[in-house]
Structure formats: structure tokens, C-alpha cells
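With the hints as constraints, model all of the structure from the sequences given.
Read off the chains here:
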Amino acid sequence: MSENSSLDPAAPGQPQPPDPSTPAGLPPLGGGTTPGPAPRRPEGPGIVAEGVSRAFGSVQAVHGLDLTAPRGAVTALVGPNGCGKSTLMLMLASLLAPDSGRVLVDGVDPAVDSPAVRAAVGWMPDQFGAWDSLRVAEVLETMGRAYFLPTAQLRERVAHLLELLDLVPLAQQPAHVLSRGQKQRLGLARALVHSPRVLILDEPASGLDPASRRRLLSVVRQVAAEGATVLVSSHILGELEEMADHVVFMDAGRVVDASSVRELAQRPRPWRITSLDEGALRAALGTLGVRHGDVVPASASTSGHAEVLVHLPDESRAARLLTDLVAQDARVASFAPATGRLEAAYLASDAARREGAL
Amino acid sequence: MNATRKNGTLRLRGRGLWLVASLELKQRLRSRAWVVALAVWMIVLLGIGALGLAPVLLTAQYDGVEQVSSMIFSAQIVFVMFAMLLVVPALSAGAINGDRSAGTLATLQASLLSPAEIVLGKLLAGWSTGLAFLVLALPSLVPIAVLGHVDPLYMLRLLAVIVVLTACVTALGLGLSALTRRTLSSVVLAYVLVIGVTVVLPVAWGVSGLVITDQKEVTVYSTAYPADEDVEADSPMTCEARRETRQISRLDLTMPLMWGNPVVLLAETAPTVTADRWRTGEDEGLDLLSTLKFGMRTAAHPLAPSNFNECWIDDRGYPAHLDDGSDGAPLWPMGLGLWAIVGVAAVTLAIRRVAVPVRHLGRGERIA
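Chains as they are written, first to last, in this note's numbering: chain A, 1 to 358; chain B, 1 to 368.
Source of the hints: derived by calculation from the structure; they are not laboratory data.
Small disclaimer: the values here were computed from a predicted structure and weren't measured.
Be a bit skeptical, because a hint or two may be false.
Covered stretches of chain B (chain A as the covering partner; in silico rule of three or more C-beta atoms under 8 Å from a C-beta of chain A) [claimed, not checked]:
id, stretch
1, 9–23
2, 108–116
3, 348–359
Label pairs and their calculated CB-CB ranges [said to hold, decoys possible]:
id, chain 1, residue 1, chain 2, residue 2, range
4, B, G196, A, R214, 57 to 63 Å
5, A, V168, B, S185, 40 to 46 Å
6, A, S58, B, R13, 21 to 27 Å
7, A, G51, B, L12, 33 to 39 Å
8, B, A37, A, S58, 43 to 49 Å
9, A, S58, B, G47, 56 to 62 Å
Just so it is clear, CB atoms sit at the ideal spot from N, CA and C, and this is done for glycine as well.
In C-alpha cells form, the structure reads like this:
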């Protein structure tokens with residue numbers, strides 16, 4: 001496991017930034033035009049952290065952390081509570097200075113040119129603070145003005161974001177009547193209002209209903225597809241797996257593991273096999289010499305079939321085992337990973353073994 | 001790295017300033033409590049004016065209207081000043097730590113708004129809200145001032161002092177709000193400071209007059225009463241001077257305690273009154289503030305009182321044009337200067353505390 005989570009932006013199969021000169025019909029959500037200095041053509045990773053440390057009193061929140069997040073991709077930040085994710089995000093949003101080390105956001109060190117970093121970053125904090133008496137549309141207009149967007153562009157942008165995040169019916173409602181999930185959607189719209197080149201989302205899926213989560217996934221993927229760097233933290237690993245191209249595992253203020261989500265397929269994880277015939281399953285596993293857990297009889301399983309968990313090193317082995325089980329007439333009803341790739345990788349880490357890990 | 005740091009902390013753009021100010025004002029205007037408070041305020045002041053004038057008008061003593069109106073006007077101005085001192089800290093002392101707790105400050109800090117725009121925008125909003133109370137007091141103040149033949153320039157001076165003090169107290173509240181983590185702490189601190197300046201320091205100043213004294217040779221003018229057999233009908237009494245040593249309170253030494261007192265600053269705008277005018281009974285135009293000004297100027301006189309005039313104005317040999325200290329050095333430059341320093345220091349502190357990226361966080365303090 002590498003402490004440096006450097007991720008190759010040019011890895012095969014990864015989404016590549018589009019040509020900024022070819023708008024895709026809708027106004028860009030991220031990576032597009034940003035008020036202020038003339039937009040620069042993206043070069044290098046969107047986020048770089050080198051040996052970053054930050055302490056709060058005696059608590060070392062981030063400790064010698066190295067991280068790189070490429071442009072045009074979503075990087076997931078996973079780790080237990082208090083591992084330093086939010087602190088890292090505050091430093092990337094130019095709100096908090098590191099004690100040592102440095103961060104580069106969109107190629108700029110916030111300690112050197114904070115306004116340039118703030119112009120490039122869209123930040124959604126984990127605890128959403130809205131001006132309660134303002135209407136939803138007013139919140140977005142206020143944020144657009146805080147980025148000094150021209151009025152015409154601001155109106156167009158607000159209308160687009162309201163529609164994109166299904167906030168049109170709530171546009172004239174005061175923010176204090178919104179549910180947590182609705183506030184999260186407003187928070188995401190707020191972070192996107194100035195078409196940031198770097199999007200930092202701290203627990204964006206928290207409180208969202210399933211439909212809103214699908215929408216979040218779609219929006220985040222679109223932002224990355226437009227060339228922005230997206231860094232997202234979440235405790236909902238299943239969704240991160242769908243959303244992210246890369247994953248960085250943090251523990252105790254450090255990066256303890258990093259990988260592309262695609263590469264996680266090559267890591268061991270448990271697979272659940274269900275069978276219509278307990279005896280046939282036992283016999284097939286015995287014949288094939290597969291090491292497995294206890295076979296749960298149909299009467300005791302939630303699926304109503306006999307079940308067994310098998311730890312397999314990668315997906316190609318899993319495919320081979322399935323073929324063999326079918327050949328042995330194990331009467332397989334289902335054969336699927338018991339956990340997602342991300343969850344399996346996380347559960348294999350030391351951090352997951354501590355109480356309250358996620 | 002030798003790169004020039006560009007944190008844009010002091011950048012000030014009209015759009016940014018107005019955005020923050022309008023954001024604050026919009027939130028206040030949508031609170032029904034504020035509308036009710038402003039309405040009650042206006043009704044109370046109109047009521048005070050009416051109640052003050054009622055006895056004079058009901059008893060048809062129209063000759064006394066001017067003097068009564070003049071007194072009511074000065075009392076109302078003091079009342080308005082005290083009300084502002086109560087309202088303004090409550091407005092501004094939660095402006096930064098309150099937003100920090102609500103998570104809205106970090107949202108602004110992460111935007112392109114500069115710390116100076118955030119702080120000065122909040123200052124502008126708090127100041128404007130405070131001034132709304134002053135504007136709503138005008139429907140009561142102006143008619144009373146007209147009835148009392150109050151000099152318009154005097155009234156403008158009074159309003160100017162209130163406007164400046166409101167800005168400074170708002171700035172003080174903002175500074176405390178940036179300094180403390182909890183809104184309650186900053187509001188309480190702001191009130192402690194305001195009450196300290198307005199009430200506690202005057203008490204301390206008064207006590208200092210009992211403690212800090214000098215034995216001093218002074219000239220005492222007193223009426224010499226002739227023996228009964230020498231008295232002729234309608235003959236004036238004689239005013240005689242004598243030198244004697246008296247214990248003098250050195251209130252002038254502790255006068256800095258009173259420099260920042262808002263009521264003293266209001267009084268400084270009043271027309272100057274001399275001791276002779278008191279004795280001649282020319283009370284036209286005299287009000288609470290001019291009386292206070294006379295007292296303060298006399299006490300501030302470095303050597304006062306060197307002369308004690310205990311004669312009547314009709315006495316023969318009455319010492320006219322005696323230096324009574326009433327035309328002594330004005331207090332308002334020091335007072336307003338002090339408040340200006342406090343205001344600028346508080347705003348500077350607030351801007352520093354709102355600047356990002358944050359290097360030092362207080363114990364238990366969060367950014368978002």
C-alpha cells in the first residue's frame with residue numbers, strides 16, 4: 001500500500017476532460033468559465049497535497065498527507081470519523097492553512113493566492129448553513145453575486161441549477177422550510193453556481209432520498225466529464241463506488257491506501273453464493289476444494305436458499321468458480337459480491353476495525 | 001518560496017460591500033420581531049413627547065411651551081442615545097460568531113468576497129439598522145424641537161454624534177463577535193463595555209472627586225451682609241473677595257474617564273452656558289445637555305475652581321466675566337477620537353479574524 005495516493009490522470013478508461021471550446025448544449029456545471037481572471041487551460045492535477053499537516057491543539061487532524069486528484073475525474077475520500085477528511089477539504093477550499101506542507105488547487109497554492117483558489121473551487125461543507133429567511137433562488141443568486149457573476153449570466157445559471165437539482169418547485173420557499181435532503185441539493189447547487197474547476201463535496205449524499213442520490217451521482221459525473229476535478233467524501237460506500245473513478249483511504253490524518261475503483265476489482269472480497277440445493281452446493285464446493293464459510297441452510301437464510309460466503313482474490317477467479325460450480329451442478333441461484341469493491345477494500349483496512357469506523 | 005502573497009483581505013468593491021449589507025438587512029427585514037420593535041419604538045417616543053407637553057398645554061400655560069419643549073427635546077435625545085446603545089450591540093455582537101455557528105460565514109469566506117467586504121458589509125448593515133431607530137425617532141423629535149425653538153444646527157450636531165457613536169458601537173460589537181466563539185459572550189461583553197462607559201465610569205469619576213483632592217488657595221467671592229442698623233431700604237449688598245485655602249476635588253485629573261461617555265458627547269454639542277447666565281436667570285434655551293456641558297467643562301478646567309463665586313448678580317462689585325471654566329477645553333475631540341480608535345481597532349480585528357486561510361483557531365472554534 002502506498003502512502004502517496006498519486007493517481008495517473010491518463011490511465012486508460014478514465015474519463016478525459018472535454019475540449020472547453022465545445023459546449024455540450026447546457027451551460028457547464030464545472031470546469032467552465034469562472035469569473036475573475038481569464039480561464040487557464042487546465043494543466044496538471046486539479047488537487048495536489050504534499051506533506052500536509054494540520055493540528056488543532058493536541059489533536060493532529062492531518063499528518064504528513066500526500067494526495068493527488070486528477071482533472072476530469074471523481075476522487076473519493078474514505079475514512080472513519082475524525083480521520084481528517086473535512087480538515088483536508090477546508091485546506092483545499094482555502095479556508096484553513098496547513099501547519100506544514102503545501103496544497104495546490106488548480107495549480108495554485110492558497111497560501112500564495114487565496115482568491116484565485118476560491119475562484120476555482122466549489123465547496124459544499126458537511127454541515128449546510130443556509131440563510132434561513134432567504135428563498136432558495138435568492139440563496140443561489142446571493143452566492144452568484146459573491147462570485148461577482150454578471151447579472152445576465154447569474155440569472156441563467158440560477159435557473160439552470162434549480163432545474164438540474166429539482167429545486168424549481170422550492171425556488172420561492174424560504175430555506176428554513178427545506179428538509180435535510182433538499183438543503184443538500186441546494187448546497188450542491190450553491191457549490192456549482194460559479195462553474196468551479198475544482199469541486200469539493202463533504203458528505204454530499206447525507207440525508208438524500210434514493211432519487212436525489214441518483215441525481216447527485218449524475219450531476220457529479222457530469223461535472224467531472226466537463227473536465228473539473230471532483231473530490232468527494234461520503235460514508236455511503238456503495239454510491240461512492242458508482243460515482244468515483246479513484247478512491248483514497250484515510251486514517252488518523254494520513255492516506256493509508258489509494259487506488260482507482262477499477263483496480264479494486266483485482267482485490268480480494270467475499271462473494272455470496274446461493275443455491276436451490278444445499279447438498280449439491282456442499283458437494284460441489286467439496287469437489288472443487290474451495291475454502292468457504294459455514295453453509296447456511298435455506299431455512300435460516302434471508303434469501304430462502306442455501307447460502308455460503310467465499311473469499312476470492314479477484315473477479316476472474318470468481319468467474320472461474322461460477323463456471324465450475326455450474327459444471328458441478330451446484331444449482332446456483334445467485335453468485336454475487338457480498339460487498340462492494342470499495343466497502344471490501346475499506347473493511348480490509350485497519351481503520352475499519354475500530355469502533356465507529358464509518 | 002518568494003511569491004507575493006495575494007490574499008485580497010483588504011480588497012473593497014462596492015458590489016461586494018452591498019451584497020453583504022443587503023444580505024444582512026434582508027434577513028432582518030423579514031423578521032416580524034424587528035418590524036414590531038421599530039413600531040413600538042416610534043409610538044413610545046411620540047408618547048413621551050405628548051406626555052411631556054400635555055400638562056403645559058392642558059393648563060394653557062403656552063408661555064412655558066418653549067422651555068418645556070426644549071427640556072423634553074434634550075431628554076428625548078438622551079433617551080434615543082440610550083436606546084441605540086441597547087439595540088446596536090444586540091445587532092452587531094452576533095454578526096460574525098452567529099454566522100460562524102450557523103455555517104453561513106464559511107460560505108462567504110470561501111467565495112470571492114474579501115474579509116474587508118464581509119466585515120464592512122456587516123458593519124454597514126448593523127449601522128443602518130441602528131440608524132433606522134434614529135430616523136423613526138424624528139417624527140417625535142422634530143416637532144418638539146420646533147416648539148422648543150431648538151437651533152437646527154444644534155440638532156444636526158446631536159444627530160451627527162449619535163450617528164458616529166452608533167457606527168463605533170456597531171464596530172465594537174463586530175470586533176467582539178469576531179473575537180469570541182459564542183454569540184452570548186460577545187453580546188454580554190458588548191453590553192458590559194457600553195454600560196461600563198455609560199454608567200460605571202461616571203460613578204468612578206464621581207468617586208475620584210472625593211478621593212483625589214488638593215489643598216489650594218482660592219478666591220472666594222461672597223456677599224457681605226452689613227449690620228442691621230446700616231441697612232437702607234433697597235440698598236444693594238456688596239460682593240467681597242477674600243483668599244482662603246480650600247480642599248479642591250481634582251476631577252480634571254480623572255476627566256479621561258468621561259471622554260467616551262455618550263451622554264457627555266451629546267452634551268458637548270449643546271450651546272455653551274456661562275455661570276453668569278445661570279445667575280441672571282436667563283434660562284431661555286437651557287436644557288439638560290447644556291446644563292451637563294456647563295458642569296463637565298467646569299470640572300474639566302485644569303485649575304478649576306480657582307474662584308468660588310457665592311455672590312448674587314445684583315450685589316455691588318459682582319465679579320463679572322469671572323473665569324468659571326465653562327469655556328474650557330472641549331471634551332468631544334478626545335471622546336470621539338477615542339471611539340474612532342476603538343471602532344477602527346475593532347473592525348481591523350474582525351477583518352483579521354475573518355481572513356482566510358485561517359492559521360490559528362481558538363479553542364473549540366470551528367470554521368464550518
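Hint-by-hint comparison with the structure:
no.: 1; hint: 9–23; verdict: holds (count 6)
no.: 2; hint: 108–116; verdict: holds (count 7)
no.: 3; hint: 348–359; verdict: holds (count 4)
no.: 4; hint: B:G196 x A:R214: 57 to 63 Å; verdict: holds, 59 Å
no.: 5; hint: A:V168 x B:S185: 40 to 46 Å; verdict: holds, 42 Å
no.: 6; hint: A:S58 x B:R13: 21 to 27 Å; verdict: violated, 41 Å
no.: 7; hint: A:G51 x B:L12: 33 to 39 Å; verdict: holds, 36 Å
no.: 8; hint: B:A37 x A:S58: 43 to 49 Å; verdict: holds, 45 Å
no.: 9; hint: A:S58 x B:G47: 56 to 62 Å; verdict: holds, 59 Å
Against the hints set out earlier in the document, a violation occurs for number 6 only.
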